[in-house]
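So for the sequence shown, UniProt numbering puts the first residue at 1; every next one is plus one.
Quick caveat, the hints were computed from the structure, so don't treat them as lab data.
Incorrect hints may appear among the rest.
[What the hints assert, rightly or not] The list that follows gives simulated cross-link-like pairs (lysine-lysine, DSSO-like), each with its CA atoms no further than 27 Å apart:
id	residue 1	residue 2
1	52	86
2	12	99
3	84	62
4	67	52
5	67	86
6	52	80
7	62	12
8	62	80
9	102	80
10	102	86
11	68	102
12	80	67
13	99	86
14	52	100
15	100	86
16	99	80
17	102	62
18	80	68
19	12	52
20	67	99
21	84	52
22	100	67
23	86	62
24	68	52
25	100	84
26	68	86
27	84	99
28	80	100
29	84	102
30	68	84
31	62	52
32	68	99
33	102	52
34	102	67
35	99	62
[Stated by the list, open to error] Cβ pair distances, simulated, as ranges:
id	residue 1	residue 2	range
36	84	59	19 to 29 Å
37	13	63	16 to 26 Å
38	156	44	43 to 53 Å
Even for Gly, the Cβ is constructed at its ideal location relative to N, Cα and C.
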Amino acid sequence: MGRKKPTLAANKDAFTRINFLYQAASITLATNPRNTGLVRFYMNSLTSVAQKNVLRLDPSIKRTVCKKCHSLLVPGVTCKVRTKAKRECHVVVTCLCCKKVKRFLSREDYALWSEQNSQAAMKMQPVAQPSKQKLSLKEKQVTLPQEDEKQAKIKQTNEDSTQN
1 MGRKKPTLAA NKDAFTRINF LYQAASITLA TNPRNTGLVR FYMNSLTSVA
51 QKNVLRLDPS IKRTVCKKCH SLLVPGVTCK VRTKAKRECH VVVTCLCCKK
101 VKRFLSREDY ALWSEQNSQA AMKMQPVAQP SKQKLSLKEK QVTLPQEDEK
151 QAKIKQTNED STQN
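Please take these sequences and the hints and turn them into a complete structure.
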């Protein structure tokens, strides 16, 4: 029989490492824009961890990494962003370190594969159930409606106890 596919729990260490490296690179670049060497090292380590563990990076992360010099692409700091409309409208991102050019098609009806999966899942779910949202590596906080109700009840009981 075939091997079992590794679950998300098995790759949790790799995902946390990738998350840490991405956050470290963005914070380092935000505090000192001249420190591009350290940022490149972090981003190179990030891509090597993803490749060694055969992990798919979220498109929002892939779009912010230069494929040639492994620099973090931040508009106005390490890259230049322009829109061009020759045949179809494109967003052109040029890395200021190595002059590598990335082109992204910009259509109104176009959605990334990660966004298509979440949109299809939201259409299939009944209205009564809370929607499950996919977390990216930037660790977005998502609160479910059930948690909001619990927090509201806790606040109400705390207010009642302080008034008495």
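Results of checking the hints against the structure:
Of the pairs offered as hints, the one joining residue 52 and residue 86 is violated, with about 39 Å between alpha carbons and a cut-off of 27 Å exceeded. Of the pairs offered as hints, the one joining residue 12 and residue 99 is violated, with about 35 Å between alpha carbons and a cut-off of 27 Å exceeded. Straight-line distance between C-alpha atoms of residue 84 and residue 62 comes to about 21 Å, which keeps the hinted pair within the 27 Å bound. Taking the CA atoms of residue 67 and residue 52, the gap is near 17 Å; set against the 27 Å cutoff, the hint holds.
Simply put, residue 67 and residue 86 have alpha-carbon atoms about 24 Å apart, close enough for the 27 Å limit, and the pair holds. For the hint linking residue 52 to residue 80, the alpha-carbon distance of about 31 Å lies beyond 27 Å, and the restraint is violated. About 19 Å separates the Cα atoms of residue 62 and residue 12, which keeps this hinted pair within 27 Å; it holds. With a CA separation close to 16 Å, the supplied pair residue 62 and residue 80 stays within the 27 Å bound.
Proximity of residue 102 to residue 80 is assessed by CA-CA distance (about 10 Å); at most 27 Å being required, the pair is judged to hold. The hinted pair formed by residue 102 and residue 86 meets the criterion: a straight-line CA distance of about 15 Å does not exceed 27 Å. Distance check on the hinted pair: residue 68 and residue 102 sit about 11 Å apart at the alpha-carbon level, within 27 Å; holds. Proximity of residue 80 to residue 67 is assessed by CA-CA distance (about 15 Å); at most 27 Å being required, the pair is judged to hold.
Under the criterion of a C-alpha separation no larger than 27 Å, the hint pairing residue 99 with residue 86 is consistent with the structure, at around 21 Å. Pair hint residue 52 plus residue 100 holds up; C-alpha atoms about 25 Å apart against a cutoff of 27 Å. For the hint linking residue 100 to residue 86, the alpha-carbon distance of about 20 Å falls within 27 Å, and the restraint holds. Of the pairs offered as hints, the one joining residue 99 and residue 80 holds, with about 10 Å between alpha carbons and a cut-off of 27 Å not exceeded.
Between residue 102 and residue 62 the CA atoms are separated by roughly 11 Å; this keeps the pair inside 27 Å, and the hint holds. With a CA separation close to 16 Å, the supplied pair residue 80 and residue 68 stays within the 27 Å bound. A hinted pair counts as satisfied when its Cα atoms are at most 27 Å apart, and residue 12 with residue 52 qualifies at roughly 14 Å. At most 27 Å may separate the alpha-carbon atoms for a hinted pair to count; residue 67 and residue 99 meet this at roughly 11 Å.
Between residue 84 and residue 52, the direct Cα distance comes to roughly 36 Å. Violation of the 27 Å bound is thereby established for this hinted pair. Taking the CA atoms of residue 100 and residue 67, the gap is about 8 Å. The hint holds against a cut of 27 Å. For the given pair, residue 86 sits about 25 Å from residue 62 by alpha-carbon distance, which is consistent with the 27 Å threshold. Only pairs whose Cα atoms come within 27 Å are accepted, and residue 68 paired with residue 52 is accepted, the gap being roughly 19 Å.
For the hint linking residue 100 to residue 84, the alpha-carbon distance of about 16 Å falls within 27 Å, and the restraint holds. With a CA separation close to 25 Å, the supplied pair residue 68 and residue 86 stays within the 27 Å bound. At most 27 Å may separate the alpha-carbon atoms for a hinted pair to count; residue 84 and residue 99 meet this at roughly 17 Å. Under the criterion of a C-alpha separation no larger than 27 Å, the hint pairing residue 80 with residue 100 is consistent with the structure, at around 11 Å.
The straight-line distance between the Cα atoms of residue 84 and residue 102 is roughly 12 Å, inside the 27 Å bound, and the hint therefore holds. With a CA separation close to 22 Å, the supplied pair residue 68 and residue 84 stays within the 27 Å bound. Straight-line distance between C-alpha atoms of residue 62 and residue 52 comes to about 16 Å, which keeps the hinted pair within the 27 Å bound. Between residue 68 and residue 99, the direct Cα distance comes to roughly 9 Å. Compliance with the 27 Å bound is thereby established for this hinted pair.
A C-alpha spacing of about 24 Å is found between residue 102 and residue 52, which places the hinted pair at or below 27 Å, so the restraint holds. The hinted pair formed by residue 102 and residue 67 meets the criterion: a straight-line CA distance of about 9 Å does not exceed 27 Å. At most 27 Å may separate the alpha-carbon atoms for a hinted pair to count; residue 99 and residue 62 meet this at roughly 17 Å. As the Cβ distance of residue 84 to residue 59 is approximately 21 Å, the hint placing it in 19 to 29 Å holds.
Distance hint check for residue 13 and residue 63: the Cβ-Cβ separation is about 25 Å, which falls inside the suggested range of 16 to 26 Å. For residue 156 and residue 44, the Cβ-Cβ distance of about 51 Å falls inside the hinted range of 43 to 53 Å, so the restraint holds.
In summary, the numbered hints that this structure violates are 1, 2, 6 and 21.
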